[in-house]
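Note that the protein sequences, when read in sequence, are chains D and R. The first sequence: position 65 = 65 (our numbering), numbered continuously. Adding 1000 to a residue's 1-based position in the second sequence gives its number in our numbering.
Simulated from the structure, these hints should not be mistaken for laboratory data. Check before you lean on any hint, since a few could be wrong.
Below, computed lysine to any residue pairings styled on SDA-like, alpha-carbon distance capped at 20 Å [what the hints assert, rightly or not]:
(1) D/K108 - R/K1243
(2) R/K1044 - D/N33
(3) D/K108 - R/K1044
(4) R/K1069 - D/N33
(5) D/K36 - R/P1268
(6) R/K1272 - D/Q55
(7) R/K1272 - D/Y83
(8) R/K1272 - D/G84
(9) R/K1243 - R/Q1131
(10) R/K1044 - D/G84
DEER-style ranges, computed between Cβ atoms [unchecked claim]:
(11) R/R1144 - D/D123: 35 to 43 Å
(12) D/T61 - R/P1049: 52 to 60 Å
(13) R/F1105 - D/A138: 25 to 33 Å
(14) R/G1153 - D/H46: 31 to 39 Å
Here the structure is a predicted model, which means the values were calculated and not measured. Note that the Cβ used here is the ideal one computed from N, Cα and C, for glycine as well.
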Amino acid sequence: MKGKVAASLVLIVGFLIFGIPLLAHHGTAVSYNIHKVLILKGTVAHFAFSNPHSQLYFNVTDDKGNVTQWAAEMRNPRNLQSYGHTQRELNQKFAPGAQITVTGNPSKSGAPVLVFGKAVLADGWCLCNHEGGVGSDAPGAPIQGEVDEPK
Amino acid sequence: MRNRFMSFGIFFTVVLLFSSSGFAQVYFPSAGAHREPASAAAAKVAPIPPYDPHDLSGVWRGGGVLSDKTVPPMTPEGQKLFNANKPSQYVRTGDPDPGKYIPAFGNDPLAKCDPLGYPRNLGGGPMEIVQTPGKIVQIFEDGRRIREIWTDGRKLPEDLDPRWYGWAVGHWEGDTLVVESTGYDERTWLDSSGYPHSQDMHIVERYSHPDAVTLQVSMTLTDPKVYTKPWSGQKAFKMELPKGLTVLNENYCVPSEEESFNQHVRDPAAGKNDK
Chain D
1 MKGKVAASLV
11 LIVGFLIFGI
21 PLLAHHGTAV
31 SYNIHKVLIL
41 KGTVAHFAFS
51 NPHSQLYFNV
61 TDDKGNVTQW
71 AAEMRNPRNL
81 QSYGHTQREL
91 NQKFAPGAQI
101 TVTGNPSKSG
111 APVLVFGKAV
121 LADGWCLCNH
131 EGGVGSDAPG
141 APIQGEVDEP
151 K
Chain R
1001 MRNRFMSFGI
1011 FFTVVLLFSS
1021 SGFAQVYFPS
1031 AGAHREPASA
1041 AAAKVAPIPP
1051 YDPHDLSGVW
1061 RGGGVLSDKT
1071 VPPMTPEGQK
1081 LFNANKPSQY
1091 VRTGDPDPGK
1101 YIPAFGNDPL
1111 AKCDPLGYPR
1121 NLGGGPMEIV
1131 QTPGKIVQIF
1141 EDGRRIREIW
1151 TDGRKLPEDL
1161 DPRWYGWAVG
1171 HWEGDTLVVE
1181 STGYDERTWL
1191 DSSGYPHSQD
1201 MHIVERYSHP
1211 DAVTLQVSMT
1221 LTDPKVYTKP
1231 WSGQKAFKME
1241 LPKGLTVLNE
1251 NYCVPSEEES
1261 FNQHVRDPAA
1271 GKNDK
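If we strip away everything but chain D, and leave its shape as in the complex, we get:
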């Protein structure tokens, strides 16, 4: 019991130290509902390796056959590169037409935009562990902070 209380305290203090400052800084994550996680299956329309945030556009078809284009807000090129990814590699992985499953947090406005958590391709290749963005990468998983931005 004592251990549980201590662990909770550590968690709370940890959130106070690391959570709030991260969430309080500059960034667009304020526009997303961090308590809701979406998992969407679709096909890649376009990938933009660019500032201020890279973007993945993909088409999702619903049960009635209606197609909606979604946009995912990702890390900027400098941060993608710092995790060991290259523009060439990501352009190849996110080639138009590729089958993809994207997880993230949707916009508060209801527009088909989300903050990127992870993307898995048909062959199992994954841009995950928050390397591509800071959104939730699974139901129940917390948002990791802000998407990095150039100042």
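Guided by the hints, dock chain R onto chain D, whose structure is given.
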């Protein structure tokens, strides 16, 4: 025996890394804490560069020197300017209405790729110093902008027009480079919190290089139109190693890319309709 074998291994690896051909094959992007593993490992064993307190050249990582925790009281005019700035963050010290600013509804010059100006450009990414006999050039990775500090004895211009990065002259006092600057374009913010300044802002900076990998920067900003007292701060910058081989990322803010992002992601996510 095993230890000796391991020592040989380490020695051999280091020789390979630092032989000219080995080094030339390693690419060292400046990426701070997130530097990719191969570069980070090689940088760890990089030789300490030759030390000259008057040679400030290198890629340095530090960040903003003036803290908003020590911001002096503003004049009524300063407060008015501050309140008009809506940064791309939703909490800031002293904000009359925290919570109302989200990027799509802000007016941060960054969101249009305007030059960040100085000293704001010190925040964020690293800065490279290129030193020549008569001029020091600071290259900022964020936006790939430059600032020139003349060290050839000239004075600040008397009748100056403002510039995004102002006018700056420097001279050595012992082992300290003293830089005086003014003539900064009023459209720039001092930091991402949106602290304002006037064209008459005057900054004195002192740069010292106490050891091979440290650059100590102190700054005092005086702007009586906006702040009732001078604003001072200091920060220790660290060199990104290996010296001479670390290269800045090409981190441009590209207006067409920014506009596309705002139109397709930032604004719809925030429910902003420009039509």
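Broken hints, by number: Going through the list in order, the structure violates hints 1, 2, 3, 4, 7, 8, 14 and respects the others.
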